[in-house]
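Take the given structure of chain A and dock chain B to it, following the hints.
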Amino acid sequence: MILEGAAVVIRQDNIDTDVLYPGSYLNIADPEQMKPYLFEGLDPSLRDQLGRPTILVVGENFGTGSSREHVPHAMLAWGIRCVLGKSFARIFYRNCINLGLPAIVCPEAVDAAEPGVTVRIDTDTGTVHVGDATFQAVPLPSFMRDMLASGGLVDWARRRLAEAG
Amino acid sequence: MGQTMTEKILSRAAGRRVEPGEIAEVAVDLVMTNDITAPLAIKEFKKTGLEQVFDPNKVVFVPDHFVPAKDIKAAEQAKVMREFAVEQGAIYFEVGRAGIEHVVLPENGLTLPGQVIIGGDSHTCTYGAFNAFATGMGSTDIAAAMALGTTWVRVPPTIKFVYNGTLPEGVGGKDLILYTIGQIGVDGALYAVMEFTGEVIDALDMDGRIAMANMAIEAGAKTGIFACDDKTREWLARVTDRPYEPVESDPDAEYLKVIEFDVSNLKPVVALPHLPSNVYPADEVGDMPIHQVVIGSCTNGRISDLREVAKILKGRQVHPNVRCIVIPGSQEVAKQATREGLADIFLEAGAIFSTSTCGPCLGGYMGVLAKGERCVSTTNRNFRGRMGHREAEIILAGPQVAAASAVLGRVASPAALN
Numbered sequence: 001m002i003l004e005g006a007a008v009v010i011r012q013d014n015i016d017t018d019v020l021y022p023g024s025y026l027n028i029a030d031p032e033q034m035k036p037y038l039f040e041g042l043d044p045s046l047r048d049q050l051g052r053p054t055i056l057v058v059g060e061n062f063g064t065g066s067s068r069e070h071v072p073h074a075m076l077a078w079g080i081r082c083v084l085g086k087s088f089a090r091i092f093y094r095n096c097i098n099l100g101l102p103a104i105v106c107p108e109a110v111d112a113a114e115p116g117v118t119v120r121i122d123t124d125t126g127t128v129h130v131g132d133a134t135f136q137a138v139p140l141p142s143f144m145r146d147m148l149a150s151g152g153l154v155d156w157a158r159r160r161l162a163e164a165g
Numbered sequence: 001m002g003q004t005m006t007e008k009i010l011s012r013a014a015g016r017r018v019e020p021g022e023i024a025e026v027a028v029d030l031v032m033t034n035d036i037t038a039p040l041a042i043k044e045f046k047k048t049g050l051e052q053v054f055d056p057n058k059v060v061f062v063p064d065h066f067v068p069a070k071d072i073k074a075a076e077q078a079k080v081m082r083e084f085a086v087e088q089g090a091i092y093f094e095v096g097r098a099g100i101e102h103v104v105l106p107e108n109g110l111t112l113p114g115q116v117i118i119g120g121d122s123h124t125c126t127y128g129a130f131n132a133f134a135t136g137m138g139s140t141d142i143a144a145a146m147a148l149g150t151t152w153v154r155v156p157p158t159i160k161f162v163y164n165g166t167l168p169e170g171v172g173g174k175d176l177i178l179y180t181i182g183q184i185g186v187d188g189a190l191y192a193v194m195e196f197t198g199e200v201i202d203a204l205d206m207d208g209r210i211a212m213a214n215m216a217i218e219a220g221a222k223t224g225i226f227a228c229d230d231k232t233r234e235w236l237a238r239v240t241d242r243p244y245e246p247v248e249s250d251p252d253a254e255y256l257k258v259i260e261f262d263v264s265n266l267k268p269v270v271a272l273p274h275l276p277s278n279v280y281p282a283d284e285v286g287d288m289p290i291h292q293v294v295i296g297s298c299t300n301g302r303i304s305d306l307r308e309v310a311k312i313l314k315g316r317q318v319h320p321n322v323r324c325i326v327i328p329g330s331q332e333v334a335k336q337a338t339r340e341g342l343a344d345i346f347l348e349a350g351a352i353f354s355t356s357t358c359g360p361c362l363g364g365y366m367g368v369l370a371k372g373e374r375c376v377s378t379t380n381r382n383f384r385g386r387m388g389h390r391e392a393e394i395i396l397a398g399p400q401v402a403a404a405s406a407v408l409g410r411v412a413s414p415a416a417l418n
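Order-wise, the sequence lines are chains A and B.
Heads up: the first sequence at position 39 corresponds to 39 in this note's numbering, and the numbers run straight through without jumps.
Heads up: the second sequence at position 125 corresponds to 125 in this note's numbering, and the numbers run straight through without jumps.
If you are wondering where the hints come from, they were derived from the structure by calculation, not from laboratory data.
Only a predicted model underlies this, so the values are computations on that prediction, with no experimental measurement involved.
Hints should not be assumed to be uniformly reliable.
Claimed, not checked - 16 angstroms max Cα-Cα, derived EDC-like pairs, lysine to aspartate or glutamate: (1) Lys43/B to Glu32/A; (2) Lys314/B to Glu348/B; (3) Lys43/B to Asp155/A.
Stated by the list, open to error - Label pairs and their calculated CB-CB ranges: (4) Glu114/A to Gly96/B: 52 to 60 angstroms; (5) Pro168/B to Glu114/A: 48 to 56 angstroms; (6) Arg145/A to Gly15/B: 21 to 29 angstroms.
From the three backbone atoms N, C-alpha and C, an ideal C-beta is built for every residue, glycine too.
Chain A with its partners taken away, still in its complex shape (with noise of 0.2 angstroms):
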């Protein structure tokens, strides 16, 4: 899968799920509707640069603290293709995985990424160009690009039950 965007670039490290997506908002269960929450606790600002294709690149520890899928939700919700990060909190790494929200790792690429630059990823081979420069990341277990190509876990799920008749 190829995805391409322009870098929305998020510097800190350890950023939580509090602060993309804040707790009193959590009583929204569609996707539209938490749009403009993202990012409320951290810099609202940062939604005027989206509504058009883009990649979400962050620091370490990215994600960490609640499980709340509004994140990737919101993030999807918002165009966003993938996030790259140095490093993902675990559970919101799931949620993007499990949501069909690619979450690719790739420092070198990270501390490359300038807002606005096109950001090109190949998920199958890690490949991660950004602007002219490009760099190599450890391409995703075929367990979750098998998860991907199938839009997601619940849709990975179905398939499941399906053969298993």
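Below, chain B alone, put in the same frame as chain A:
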């Protein structure tokens, strides 16, 4: 090569021997969600085309975050969950007969040694105190597990923590885990399991172990886990007669790291804003006036926590500048606190004693903070904006420091009361 207790549980659940790093599909013994993660999970579950969850006796729903409903949207979310739970014949704990999920499930004997438990809440790792492999996941994972009865895991490596010495009086499980996170950082155990061992752990009561396991996620861990010993068995014997199969780590099990601490001189600690790793002794932070104290949550809302608080509040008054909110972790805790006279002590001291809820911990309701306010809280996260305004400050502490701070109107260790 031997295995850690986590590797043994996951091998058993996978039906084959598994090794750290590999991805395995494992059978789950219990799947839990709450009023904020269940509605999304139910919506995704319905997309699988199934009408029935894999086993209604292994699927649990607990309304606790925004109940009693804080507003219409919260009421509607709770309603979606309630109706699905009833329709499925799943295990359901209603307001007034329940409380905070991570207090309620163990109280009802639902979290047993050797089990694989997943929950749509990051603090599901709490059940590691009972020698279970328990970990938090998002709603979609919960949906798939409700359908398949299995989940996928990358088998985690284990970091062994050894606590040597004797814990000083007035220092508890919360202090131990805050100290640990302060030492290793909020990503110090990223993707790994924290296995808690040593003579200090052997001597620690179950509520202290629960508080430690609860905050393993704050070090980035997949979960925390303890061995099953006489204390575990005694605790479980009071709540269940179901059989269980504990696991032990082999002497030659392989660990990612072994980290040893001597905690004989540990003092009560606090985590200052805005990370749980920003840890200092409570009596070394200087003069930090506070506006609110919250005592409760899945970390410290159990009866032993409330007893410690009552010991300090008895015959004393909450400082005039402070609002002190005491929230029992469950209906059972509330009843016990009332029977023992603890509730009276809180009320006489000028604190409130509320119904059980997660409310203020995640800035939901029942104690949301205004701009510029500072709160000492026995909860588990002090992220910016977690309990309300972005420019509010949260200081994490154990119950005794929280109670002493409520009386003195500033961050204080219990020793400062004398």
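Would the hint linking Lys43/B and Glu32/A be met if the CA-CA limit is 16 angstroms? 15 angstroms, holds
Verify the CB-CB distance for Pro168/B and Glu114/A against the hinted window 48 to 56 angstroms. 52 angstroms, holds
Pair hint outcome, Lys43/B versus Asp155/A [Cα-Cα no greater than 16 angstroms]: Holds, at roughly 13 angstroms.
A range of 21 to 29 angstroms was offered for this pair. Does it hold for the Cβ distance of Arg145/A and Gly15/B? At 24 angstroms between Cβs, range holds.
Verify the proposed pairing of Lys314/B with Glu348/B, using a straight-line Cα cut of 16 angstroms. Holds: Lys314/B and Glu348/B sit about 8 angstroms apart, inside 16 angstroms.
Do the Cβ positions of Glu114/A and Gly96/B conform to the proposed distance bound of 52 to 60 angstroms? 55 angstroms, holds
The structure shown violates none of the earlier numbered hints.
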